Amino acid sequence: MEILQGFVDAVVGIFQTSGFAALTWQNYVMMLVSFILIYLAVKKQYEPLLLLPIAFGMLLVNLCPSIMAAPLTDLIPVTEYLNNPNHTETDISQIQYQITTINGIDYVNYPTQNAGLLWYLYRGVKLGIYPPLIFLGIGCMTDFGPLIANPKSLILGAAAQIGIFVTFTGAIFLGFDPAQAGAIGIIGGADGPTAIFVTTKLAPELLGSIAIAAYSYMALVPIIQPPIMKALTTKKERAVVMEQLRPVSKLEKIIFPIIVVIIIAILLPDAAPLVGMLMLGNLFKESGVVERIAKTAQNELMNIITIFLGTTVGATASGANFLKLDTIKIIVLGLIAFCMGTAFGLLFGKIMYKATGGKVNPLIGSAGVSAVPMAARVAQKVGQQENPGNFLLMHAMGPNVAGVIGSAVAAGVLLNVVG
Amino acid sequence: MNLSGITSLMNVADLTMAEKGITSAKVVLTGFVVVFAVLVLLIVIISIYSSIIQAAQNSGKKKQEKVVENIKATTTDKVEAPVETVAPVAQDGISEEVIAVISAAVATMYGSPEKAKIKSIKKSDGGRSAWANAGLLNNTRPF
Numbered sequence: 001m002e003i004l005q006g007f008v009d010a011v012v013g014i015f016q017t018s019g020f021a022a023l024t025w026q027n028y029v030m031m032l033v034s035f036i037l038i039y040l041a042v043k044k045q046y047e048p049l050l051l052l053p054i055a056f057g058m059l060l061v062n063l064c065p066s067i068m069a070a071p072l073t074d075l076i077p078v079t080e081y082l083n084n085p086n087h088t089e090t091d092i093s094q095i096q097y098q099i100t101t102i103n104g105i106d107y108v109n110y111p112t113q114n115a116g117l118l119w120y121l122y123r124g125v126k127l128g129i130y131p132p133l134i135f136l137g138i139g140c141m142t143d144f145g146p147l148i149a150n151p152k153s154l155i156l157g158a159a160a161q162i163g164i165f166v167t168f169t170g171a172i173f174l175g176f177d178p179a180q181a182g183a184i185g186i187i188g189g190a191d192g193p194t195a196i197f198v199t200t201k202l203a204p205e206l207l208g209s210i211a212i213a214a215y216s217y218m219a220l221v222p223i224i225q226p227p228i229m230k231a232l233t234t235k236k237e238r239a240v241v242m243e244q245l246r247p248v249s250k251l252e253k254i255i256f257p258i259i260v261v262i263i264i265a266i267l268l269p270d271a272a273p274l275v276g277m278l279m280l281g282n283l284f285k286e287s288g289v290v291e292r293i294a295k296t297a298q299n300e301l302m303n304i305i306t307i308f309l310g311t312t313v314g315a316t317a318s319g320a321n322f323l324k325l326d327t328i329k330i331i332v333l334g335l336i337a338f339c340m341g342t343a344f345g346l347l348f349g350k351i352m353y354k355a356t357g358g359k360v361n362p363l364i365g366s367a368g369v370s371a372v373p374m375a376a377r378v379a380q381k382v383g384q385q386e387n388p389g390n391f392l393l394m395h396a397m398g399p400n401v402a403g404v405i406g407s408a409v410a411a412g413v414l415l416n417v418v419g
Numbered sequence: 001m002n003l004s005g006i007t008s009l010m011n012v013a014d015l016t017m018a019e020k021g022i023t024s025a026k027v028v029l030t031g032f033v034v035v036f037a038v039l040v041l042l043i044v045i046i047s048i049y050s051s052i053i054q055a056a057q058n059s060g061k062k063k064q065e066k067v068v069e070n071i072k073a074t075t076t077d078k079v080e081a082p083v084e085t086v087a088p089v090a091q092d093g094i095s096e097e098v099i100a101v102i103s104a105a106v107a108t109m110y111g112s113p114e115k116a117k118i119k120s121i122k123k124s125d126g127g128r129s130a131w132a133n134a135g136l137l138n139n140t141r142p143f
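From first to last, the protein sequence lines are chains P and W. The letter at position 73 of the first sequence is residue 73 when you use the working numbering, and the numbering goes up by one with no holes. The letter at position 16 of the second sequence is residue 16 when you use the working numbering, and the numbering goes up by one with no holes.
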């Protein structure tokens, strides 16, 4: 009888510590969402490099919330701590743990349980370390040649950021505070690392929904952009064949990152971590003397960071955090921001078309939302539908890489104004 | 550039519609103006340094062209020597096709035949294969 009771107690104990007892319905809904995302990543190949780790992080945190739990600490009065014979410290100054003073009494924050695995990896997101490192890799892969050959495309990169600020207004009127509204607006920049960087500083509580919205819309660029592009341009404008870009010398390419970082870091120090790393990576590439470092930054380092970033960002989407009305608002506002960015880029493209007497194809304006190189490829594809002999890709790469700089500048402005 | 102080409010729920409008108008205007100003400044600076570099490189090229023209002018006075067409001395067992391929590669790398000549072609004896050498070089070059 005693054996049977022991057996029942053990089974009950196992059940009580298992997910069945601890999980809520929100966790199960989020698991379903993660299955859909895994399906989209594997079967449809929508940005699988990011979507797969995000979806799996989401699954893990909803199966086992403690994987993202912060470390537990006990508050022990300092005198009691020092009197404990197990502790070797003899004075308060020697105590290595954080001291908290409550009602005039000092307490030691004594750790009793370590944090979950993903909590530690998430430090890189929370402290704003991963996004600039991703930018380092992007810098190594980016050719700013088309932008240097045609600097006016920076205007299109700036125009596409207007969506960020217009969406900010929408978010304010939907009841978000200015910091949250800034983080939501940045989805319109269509730049994942920038969106994460800004959100962790302005509204960390919204990180899961904003990151997922940003990456989803980047993956959906080929579906979202073409209808807007066709609606805002005429057949004649879309068929414009642009003159070939001039070749850019190596010296110009080497000087470019140095000049850009000097100007932006002085004017907008808040954008310096992102732009600084982007330009460092680009200098690695263009200088041609540190091939090994450039290779590591754009391959191994970037892949490692992508794993950590994706998994931990997915892990912020726990059921209780994610299943809120605010998430739906963010997803809708994000879509508006993205569409507005595309539209303003196109409108400025049309202005350039008129100003140059029909030499600029307005379609390249839509590539001003970052999403490199997807947005440029979409411009190429839509242009070719009108004129199969038209190759807009290199022309669209100018505004496309300008969009990366533009969204980093917009991020700097938002951090300064509402941060 | 210090933009803080434009929005000192944080409790947006307490704001009236008019105040919300003013807050967002300020941010939209600031964002619009600053982003455009910074990028237009970049356009100006990129254009300036590009034109300086292009001008410098063009003048360098022109100088080179002048030197070449001068050399040509002095050499045309002399009686032109007949151009010798000597085939490279090739080891037995190396086919004409291989010689042609090597010559083509050299011509592609060095451009005109005046800059490089192939005098002889020999098989290297044993050792690593060309691919193994390339792999080794790739791994050890930075050290």
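Keep in mind that a hint or two might mislead.
Covered stretches of chain W (in silico footprint by chain P; criterion: 3 or more residues with CB under 8 angstroms from a CB of chain P, positions within the stretch not fixed) [what the hints assert, rightly or not]:
1. 32-39
2. 99-109
Heads up, simulated SDA-like pairs for lysine to any residue below, C-alpha to C-alpha not over 20 angstroms straight-line [claimed, not checked]:
3. K61(W) / F36(W)
4. K152(P) / F36(W)
5. K250(P) / T30(W)
6. K350(P) / A55(W)
7. K152(P) / I224(P)
8. K26(W) / G419(P)
9. K350(P) / I48(W)
10. K253(P) / S51(W)
11. K26(W) / V248(P)
12. K152(P) / K329(P)
13. K20(W) / K350(P)
14. K152(P) / I53(W)
15. K26(W) / K152(P)
16. K61(W) / I43(W)
17. K253(P) / I99(W)
18. K201(P) / D326(P)
19. K152(P) / L41(W)
20. K66(W) / G93(W)
21. K152(P) / Y49(W)
22. K61(W) / D326(P)
23. K253(P) / F32(W)
24. K329(P) / I224(P)
25. K250(P) / G60(W)
26. K20(W) / F173(P)
27. K350(P) / G21(W)
28. K62(W) / S93(P)
Hints listed in this document are in silico derivations from the structure and should not be mistaken for laboratory results. Here the structure is a predicted model, which is why all the values come from computation and not from measurement. For every residue, glycine included, the Cβ atom is placed at its ideal position computed from N, Cα and C.
Evaluated hints:
Residues of the segment 32-39 of chain W lying with their CB closer than 8 angstroms to a CB of chain P number 6, which satisfies the three-residue condition for coverage. For a cut-off of 8 angstroms, the count of residues in the segment 99-109 of chain W with a CB near a CB of chain P stands at 0, and the three-residue condition is violated. Pair hint K61(W) plus F36(W) does not hold up; C-alpha atoms about 37 angstroms apart against a cutoff of 20 angstroms. In summary, the hint linking K152(P) to F36(W) is supported, as the alpha carbons are separated by about 12 angstroms, within the 20 angstroms threshold.
Of the supplied pair hints, the one linking K250(P) and T30(W) is violated, its CA atoms being roughly 36 angstroms apart against a limit of 20 angstroms. A threshold of 20 angstroms between alpha carbons decides the hint, and for K350(P) with A55(W) the separation of about 32 angstroms lies outside it, so the pair is violated. Between K152(P) and I224(P) the alpha-carbon distance is near 26 angstroms, which puts this suggested pair outside the 20 angstroms criterion. The hinted pair formed by K26(W) and G419(P) meets the criterion: a straight-line CA distance of about 15 angstroms does not exceed 20 angstroms.
Using a Cα cut-off of 20 angstroms, the hinted pair K350(P) and I48(W) is violated, with the two alpha carbons roughly 26 angstroms apart. The straight-line distance between the Cα atoms of K253(P) and S51(W) is roughly 13 angstroms, inside the 20 angstroms bound, and the hint therefore holds. Distance hint between K26(W) and V248(P) is unfulfilled; the C-alpha atoms sit about 39 angstroms from each other, more than 20 angstroms. In summary, the hint linking K152(P) to K329(P) is not supported, as the alpha carbons are separated by about 35 angstroms, beyond the 20 angstroms threshold.
Taking the CA atoms of K20(W) and K350(P), the gap is near 32 angstroms; set against the 20 angstroms cutoff, the hint is violated. As the CA atoms of K152(P) and I53(W) are separated by approximately 18 angstroms, the hinted pair is consistent with the 20 angstroms bound. Taking the CA atoms of K26(W) and K152(P), the gap is about 27 angstroms. The hint is violated against a cut of 20 angstroms. Distance restraint check for K61(W) and I43(W): the Cα-Cα separation of roughly 26 angstroms exceeds the 20 angstroms cut-off, and the hinted pair is therefore not satisfied.
Straight-line distance between C-alpha atoms of K253(P) and I99(W) comes to about 39 angstroms, which puts the hinted pair past the 20 angstroms bound. A distance of roughly 19 angstroms separates the Cα atoms of K201(P) and D326(P); the hinted pair therefore holds under the 20 angstroms criterion. The straight-line distance between the Cα atoms of K152(P) and L41(W) is roughly 11 angstroms, inside the 20 angstroms bound, and the hint therefore holds. Taking the CA atoms of K66(W) and G93(W), the gap is about 46 angstroms. The hint is violated against a cut of 20 angstroms.
A hinted pair counts as satisfied when its Cα atoms are at most 20 angstroms apart, and K152(P) with Y49(W) qualifies at roughly 14 angstroms. Proximity of K61(W) to D326(P) is assessed by CA-CA distance (about 62 angstroms); at most 20 angstroms being required, the pair is judged violated. Pair hint K253(P) plus F32(W) does not hold up; C-alpha atoms about 28 angstroms apart against a cutoff of 20 angstroms. With a C-alpha separation of about 18 angstroms, the suggested pair K329(P) and I224(P) falls inside the 20 angstroms cut-off, and the hint holds.
Distance hint between K250(P) and G60(W) is fulfilled; the C-alpha atoms sit about 15 angstroms from each other, no more than 20 angstroms. Taking the CA atoms of K20(W) and F173(P), the gap is about 7 angstroms. The hint holds against a cut of 20 angstroms. For the hint pairing K350(P) with G21(W), the CA-to-CA distance comes to about 29 angstroms; that exceeds 20 angstroms, so the pair is violated. Taken as a hint, the K62(W) and S93(P) pair is broken in the structure, with Cα atoms around 73 angstroms apart against an allowance of 20 angstroms.
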